[in-house]
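Novice: Mind assembling these two chains? They're in different frames, but the hints should get you there.
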Amino acid sequence: MSTVRAPNPPSRLNRSLLAALGLLLLAAGAAVLAVGLGLLPGVGPDTALLPSLPTTAGWGAYAAAAAGTLLGLLALRWLLAQAHRRPPESIWQLDGSSTTPGSTALPTSAAATAIARDVSAYRGVDTATATLAGARSAPTVHLDVAVETHASVADLRDRITEEALPRLRTALQVDRLPAQLVLRLDAHEGTRRVR
Amino acid sequence: MTAAQVRGALTIEPRAVERIASAAATEVHRRGHRPEEGAVVIRRPRRTVPAVLVAAVLLAVAVLVIWSSVQVLLGQQPVVPFADVAAAPAALTPAEPLVPAAAALCALVGLVLVAVVPGAPTVLALATPAEPASRLTAGVTRRSLIRTLSRAAAVDGVDAAKVRLARRRVVVTARTPYRTAQPDLTDQVRAAVTARLADIGLARPVTVAVRLEQPRRTRQDRAAPTSTTVVGST
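Protein sequences, first through last, are from chains R and X. Under my numbering, the first residue of the first sequence is numbered 1, with each subsequent residue one higher. Under my numbering, the first residue of the second sequence is numbered 1001, with each subsequent residue one higher.
Hints listed in this document are in silico derivations from the structure and should not be mistaken for laboratory results. Any given hint could be a false lead.
If you want the ones that stay clear, here's a sample from chain X, every Cβ over 12 Å from chain R, calculated [claimed, not checked]:
no., residue
1, P1045
2, V1054
3, L1105
4, R1151
5, K1162
6, R1168
7, R1169
8, T1173
9, T1180
10, D1187
11, A1191
12, T1194
13, E1213
14, P1215
15, R1216
Ranges of calculated distance between the beta carbons of each label pair, as one might list FRET restraints [stated by the list, open to error]:
no., chain 1, residue 1, chain 2, residue 2, range
16, X, L1074, R, P41, 24 to 32 Å
17, X, A1091, R, L24, 17 to 25 Å
18, X, K1162, R, A121, 28 to 36 Å
19, X, A1056, R, L23, 39 to 47 Å
20, X, R1164, R, A154, 20 to 28 Å
21, R, A28, X, L1064, 18 to 26 Å
22, R, L23, X, T1180, 53 to 61 Å
All C-beta atoms in this analysis are idealised placements derived from N, C-alpha and C, irrespective of residue type, glycine included.
Extracted from the complex, chain X is given alone in its bound form (with noise of 0.2 Å):
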C-alpha cells in the first residue's frame, strides 16, 4: 500500500476526524495520561480448553434440569428424580464417610480451576527506550523467545539447542556431535544467545547458561566433564 492509499484510507471523513481530534484533546486534559509511558504489556493464556470442557458442564446440567422439570410438568417420570434430590442434603450428613470424600473431590477440582487460572504470561515484556517521544509499549511472545533463542544458539559445531525460559535465567541446553568439541563452544554459544537477547532487549535483564551436551568420550579422549554449565549475564 502506497503512502496515499494510507492516507487516503485515515482520512475517511476529514470533518470527523477534526471533531475526534478535538474531543480526544480536551478530554486527555481532563482525565490526565493513560497509563503508558514505562507501561509493561501482559497477556495471558487464553484457557480455552478448560472453559470450554466447564461450560459444557454446566449445558450438560442445564439441560438436564430443563428436560426433567418440563417431564415433571406433563406428569411423567422425571430423568432426574427431583423429589429425592431435594431430599437427599436433608438425610445426608458429613458423618457419612461418602460424604467427606466428595467434598474433598469438589475442592479438589475447585483448587485444580484456581491454579489453572493464573498461568505463565504469554507475552514478555521489553525495556522501554529511555527517550519519551516514543510511546511503544513493546512485548514478544513467549514462544517465539524461546524459538529465536534456539535458533541464536545453534553456532558452528552444534546440532541443535533447547532453550527453557525461568523467570531471570536462559538455559540453553546445546549438543554437539563432536565427542571433543572445541573448548570455546559454550563461550560461543552464550554469546550468540546474548547478542539475541541484546538485540530483542528484555525488559528484565536475564542471565544465560549454557550446557553442552555432547557424545560420551572414548579413552582416547582426554577424561574430561561430559558437560560443563557457563554463567554469563546480559
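Bound-form chain R, shown alone (with noise of 0.2 Å):
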C-alpha cells in the first residue's frame, strides 16, 4: 500500500528544515558533551572545541556580512513560505504543431475550479476545494470537501466517483486521473437536537 500526500504546504519545508537543525544541534551538542565526559577515546577534556583561527584581517568582515546576509535571505524566505498555504498552480504549457503554431497555456485551476464547483452543488456538501497536481502526463487531483452533519460519506465517495471524476477525465481526456479526497466532516456546527 502506497502513500499519497495530501497537497499541504509548507508542511514539508518545516518538517524538514526543523529535522536537519534538530538533528544538527543534537549532534554537536553530543560531541561535545561526549568529550567533556571523556567517552571518546584519544580525545581528552582538555582539547579545545575549535583549532584557533587565524587573526582575519580584511577579507572577514566581508565574508562574515555576505554569510549573513545569505542566511538572513534564507531566514526570510522561510518565514515568508508559511503565508503559501496553497499548491502553487502550475500552467500547463502545450507546445503548437505545424498545423497549429504557436503554443497554449492552460491554468490546471481552470480544471480544478470546474470539478470543486461540481462537488461543492452535491447534496450535503458544504464547501468544497480542489487542485489539480502533478505534470500534465500524470496529473492527480485532490478535493478537500467539508461535509454537512448527516451527511452519508458512502453515498458521497460514490457521486464524487461515479459523476465528478469521469465528467473531468471526459474534459481533459485522460484515461487514468488519481484523485484524492479528504473530508471534514460535520463541518456545520448548525443546531443541536433538544432532547
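Specialist: In C-alpha cells:
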C-alpha cells in the first residue's frame, strides 16, 4: 500500500528544515558532551572546542557580511513561505504543431475550479476545494470537501467517483486520473437537537 | 453551476486538451501506473509555530552578523565583538563546567526539534472500495472525525460525549445526568458510534470502548459501579 501526500504546504519544508536543524544541534551537543565526559578515546576533556583561528584581517568582515546576508535571506524566505498555504498552481504549456503554430497555456486552476464547483453542489456538501497537481502527463486531483452533519460519506464518495471524476476525465480526455479526497465531517456546527 | 457551465470551464481550448490527452496517454504507458490503487492519503501537521520561531531566531542572528560586520568595515566597535567570538572556542575546553551544560542544552533543543517533526497524522485513511473502477483515495481529518463521533455518541440520555482516538481504539466518555441511567445506555452509545464509523469506513478497523460518567449514586440507588466499560469492535 503506497502513500499519497495531501498537498499541505509548507508542511514539508518546515518538517525537513526543522529536522535538519534539530539533528545538527543534537549532533553538536552530543559530541561536545561526549568529549567533556571523556567518553571519546583519544580526545581528552582538555582539548579546545575548535583550533584557534588565524586572525582574519581584511576579508573577514566581508565574508561575515556575505554569510549573514545569505542566512538572513534564507530565513526570510522560510518565514514568507508560511503565508503560502495553497499548492503552487502550474500552467500546462502546450507547444503548437506544424498545422497550429504557437503555444497554449492552460492553468490547472480552471479544471480544478470546475470539479470543485461540481462537488460543492452535491447534497450534504458544505464547501469543496480542488487542486490539479502533477505534470500534464500524469495529473492527480486533490479534493478537500467539508460535509454537513448527517451526510453519508459512502454516498458522497460514490457520487464523486461516479459523476464528478468521470466528467473531469472526459473534459481533460485522460484515461487515468488518480484522485485523493480529504473529508471534513460535520463542517456545520448547526443546531443541536434538544432532547 | 450547471453542467453546461462546467463543461464550458473545462474545455478552454479543445485542441490543447486533446494534445494533453494524447501526451498523457503515451506518458502513462511509458512510465507505468502512478501509485493510486490502494494508496493511502496522508497529511501531517504543518509545524508553522516552531518553524516561525526558528526562522525568526536565524533572521535575528543574521541581522546581528551583518550589523557587526558593517561596523567593523566602518572602523567602529561592533555590537558583537568578532575577535572575542572567534577566540572563544579555542580558549574553551569541555573540562569547564559551563561547556557540558551548554552542550546538553544544545542537544536538548535538537532533540525537541527532531521530536516535534513527525506529529500525529492530521488525516486518517479511509478504506478503498474493492471495485477497481474507483480510483478515489480518501481520508478524513482527525479533528472532524472526533467531532462527528462525539456528536454521534450523544444519544438520548447522554449530556455530552468526549472522544479520544488512539491508534486502534476509539474511547468514548459519555456523561449522563441521570444517577440511574438505563442499563443499556453504554450499548446504545456504542451502537451509535459504531454505526457512524461504519458509514465513514476507516481503513484501519478500530475498537470502540465506551465509558459512562454519571453522578454519584445515593443510598436509595442500588450499589453499582459508577462507570462501566464496554468493549466491542466495528
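Novice: Next step is simple, just say for each hint if it's right about the structure.
Specialist: Hint check:
no. : hint                         : result
1   : P1045                        : 7 Å, violated
2   : V1054                        : 6 Å, violated
3   : L1105                        : 7 Å, violated
4   : R1151                        : 6 Å, violated
5   : K1162                        : 15 Å, holds
6   : R1168                        : 17 Å, holds
7   : R1169                        : 19 Å, holds
8   : T1173                        : 18 Å, holds
9   : T1180                        : 18 Å, holds
10  : D1187                        : 18 Å, holds
11  : A1191                        : 17 Å, holds
12  : T1194                        : 15 Å, holds
13  : E1213                        : 17 Å, holds
14  : P1215                        : 17 Å, holds
15  : R1216                        : 23 Å, holds
16  : X/L1074 - R/P41: 24 to 32 Å  : 48 Å, violated
17  : X/A1091 - R/L24: 17 to 25 Å  : 23 Å, holds
18  : X/K1162 - R/A121: 28 to 36 Å : 35 Å, holds
19  : X/A1056 - R/L23: 39 to 47 Å  : 20 Å, violated
20  : X/R1164 - R/A154: 20 to 28 Å : 25 Å, holds
21  : R/A28 - X/L1064: 18 to 26 Å  : 20 Å, holds
22  : R/L23 - X/T1180: 53 to 61 Å  : 58 Å, holds
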